[in-house]
Amino acid sequence: MSLKAFHIAFVTASVLLLLVLSGWCFGNFRADGAISQAVWGSVCLVAIGGMLVYGRYFLRKFKNISYL
Amino acid sequence: MEIPYTVKPRPDTGLYNAKVGIWLFLASEVMLFGAFFSAYILLRVGAPEGFWPDVATGWPHGLLNIPIGTFNTAVLIASSVTVVMAWAALKENNFPKFQKFMVFTVACALGFLTIKTFEYNEKFTHYVVRLKDGSAVTGHLNVDGHSPRFWTLQDVEEKKIEALKVEVDVPNKFRFPVGMKIPEAVHEAHKAGKHHEEKEFKVADIASLKAFVPSTATFFAIYFTMTFLHGLHVLAGALVLGYFAFLGRKFWQQHPEQFTNRIEVAGLFWHFVDLVWIFLFPVVYLL
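The listed protein sequences derive, respectively, from chains C and B.
Residues 1 to 68 in this note's numbering are what the first sequence lists, from first letter to last.
Residues 1001 to 1287 in this note's numbering are what the second sequence lists, from first letter to last.
No lab work stands behind these hints, which were simulated from the structure alone.
Be aware that one or more of the hints could be misleading.
As the list claims (entries may be wrong) - List of simulated lysine to aspartate or glutamate pairs, DMTMM-like, C-alpha gap at most 25 Å: (1) K63/C / E1158/B; (2) K1100/B / D32/C; (3) K1123/B / E1092/B; (4) K1091/B / D1205/B; (5) K1191/B / D32/C; (6) K1008/B / E1257/B; (7) K1132/B / E1092/B; (8) K61/C / E1092/B; (9) K1097/B / D1133/B; (10) K63/C / E1157/B; (11) K1160/B / E1184/B; (12) K61/C / E1257/B; (13) K1202/B / D1133/B.
To be verified - Far from chain B by the CB rule (all over 10 Å, computed), these chain C residues: (14) M1; (15) L3; (16) H7; (17) A13; (18) L17; (19) V20; (20) I35; (21) G49; (22) V53; (23) K61; (24) I65; (25) L68.
Just so you know, these numbers come straight off a predicted model, no measurement behind them.
Note that CB positions come from ideal geometry on N, CA and C, so glycine has one too.
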């Protein structure tokens, strides 16, 4: 597996971590109504969007490099 | 003697030798960290019910700084992006661009370690005070305006202190175990933005005094073991990447393809180290 393939796996894991973190923040917001938790949950969602945009850019930039 | 297959793929594996080597090494690393993660999960699910430190063996909650942990996670994710960009710069034959990305990666690694050092120091000045009536509190000591590191009850007695001032923590309400009712006093303290409450304890009433070190609780033992082991990997990675960034120009000029492959191998190690943190952060900080 090349660095390209491992990087894609890493970006995927990062997106999943951000999903967990955002769920954790919104869970706190639901339980307690603390606005700061909702804000941090939203920041995580924006970061997920950012990671997806980056992932697309990365795939285009590295299209000629092997996955092996 | 020339080392074979440093650039061209070996016919039977389809890969250059260093790539096979790093994946074998990473497989052994997976086993090492996998054992620690398994140990953590078994200790966590096997911990008795109860809200630490009131119950000596219960699992501590809310003692790690989640915003700092999140920031450190972002730092490592950024470093993984820059290490792959450094590799791409070499593929474009652009060594100065490679150097810039690699220096940024090393800076991220050192930033991560610096922040972790502050986190550790905060733990070494944070105490659990168990009283002779069986109750316990956590907080920072206030000895002449600062909280000393690694004190025990013996240190307090040797200094002939009769009453110990403690900035007692108000428990973090977001970190109460699922199903446990949060006391009204905790809600009130949070509404008032109060995180500490200064209390004074007679030394004669204190049964034990321990900083947040590995011997204090099972949680700290596994927390320090796993994060320190990970920190050593970050340090090792920073040294290797720093070597390539600052001393790699000559090798690059002589053997550009082999140097590019070395950076790919170093990048694979760096990604592994960052991936371990991606799992470590939610397990240790959030669960």
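**Message:** The output says V53/C does not contact chain B. Does that hold with a beta carbon cutoff of 10 Å?
**Reply:** holds (12 Å)
**Request:** Would you assess whether I35/C, listed as outside the interface, keeps its beta-carbon beyond 10 Å of every beta-carbon in chain B?
**Result:** The assertion about I35/C holds, with a minimum of 13 Å to chain B.
**Asked** Taken at face value, is the distance from the CA of D1133/B to the CA of K1097/B at most 25 Å?
**Response** The hint is violated at about 64 Å.
**Prompt:** Given the proposed pairing of K1100/B with D32/C, does the C-alpha separation stay at or below 25 Å?
**Reply:** Violated, because 45 Å separates the two Cα atoms, which is more than 25 Å.
**Consistency of the no-contact label for V20/C, given chain B and a CB cut of 10 Å** = The claim breaks: V20/C does not keep its Cβ more than 10 Å from every Cβ of chain B (closest is about 6 Å).
**Request:** Quick one: work out the minimum CB distance from G49/C to chain B and report holds if it exceeds 10 Å, violated otherwise.
**Result:** holds (15 Å)
**Item:** Pairwise hint evaluation, E1092/B against K1132/B, where the allowed Cα distance is 25 Å at most
**Value:** violated (69 Å)
**L17/C non-interfacial with respect to chain B [C-beta, more than 10 Å]** = Given that some Cβ of chain B is not farther than 10 Å from that of L17/C, nearest at about 5 Å, it is violated.
**Request:** May I ask you to check that A13/C keeps its beta-carbon over 10 Å from the closest beta-carbon of chain B?
**Result:** Given that some Cβ of chain B is not farther than 10 Å from that of A13/C, nearest at about 5 Å, it is violated.
**Message:** Verify this label for me: H7/C is non-interface relative to chain B, using a Cβ-Cβ cutoff of 10 Å.
**Reply:** Per Cβ check, H7/C is inside 10 Å of chain B; nearest 5 Å; violated.
**Message:** Please verify that the nearest CB of chain B lies beyond 10 Å from I65/C's CB.
**Reply:** Violated, because the least Cβ-Cβ distance between I65/C and chain B comes to about 7 Å, which does not exceed 10 Å.
**Request:** Quickly compare the C-alpha distance for K1160/B and E1184/B to 25 Å and report which way the hint goes.
**Result:** violated (37 Å)
When each numbered hint is compared with the structure, violations occur for hints 1, 2, 3, 4, 7, 9, 10, 11, 14, 15, 16, 17, 18, 19, 23, 24, 25.
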